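**Student:** Per the numbering used here, residue 1 is the first one in the sequence shown, and the count goes up by one each step.
A couple of the hints might just be wrong.
[Said to hold, decoys possible] Computed beta-carbon distance windows for the label pairs: (1) Glu-50 <-> Asp-25: 22 to 32 Å; (2) Val-74 <-> Ala-3: 52 to 62 Å; (3) Ser-26 <-> Thr-64: 21 to 31 Å; (4) Pro-68 <-> Gly-27: 23 to 33 Å; (5) Pro-68 <-> Asp-30: 28 to 38 Å.
Honestly, the hints are just simulated from the structure, not real lab data. Nothing here was measured: the structure is a model prediction, and the numbers come from that model. Beta carbons: idealized from backbone N, C-alpha and C, even for Gly.
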Amino acid sequence: MDALTSYQMLGRLLAYLEMSGAGADSGAFDNALALLSNEHAGDDQRVAFEMLISRIPDYYPVPTVDIPPVAPPVQRGSIGYFSDD
């Protein structure tokens with residue numbers, strides 16, 4: 001992988017990490033460099049961005065996200081029918 005491609009891949013990875021909330025400090029930068037260099041591992045083959053994304057949990061703590069309920073709980077209610085009482 002040439003230097004320009006590595007630089008662009010590093011930029012994309014850092015932008016993804018910052019938008020996902022992993023942070024943009026020097027530790028995040030060092031981990032991104034380690035991730036990119038370990039995936040490259042001296043080969044001249046192109047590293048796919050999807051492969052880098054799939055390896056993020058190995059380098060960064062990924063918090064579990066609690067998904068909020070889609071709708072309120074279903075409860076019995078009136079639909080407007082009235083009795084003659």
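**Student:** So which hints don't hold here, by number, going up?
**Tutor:** none
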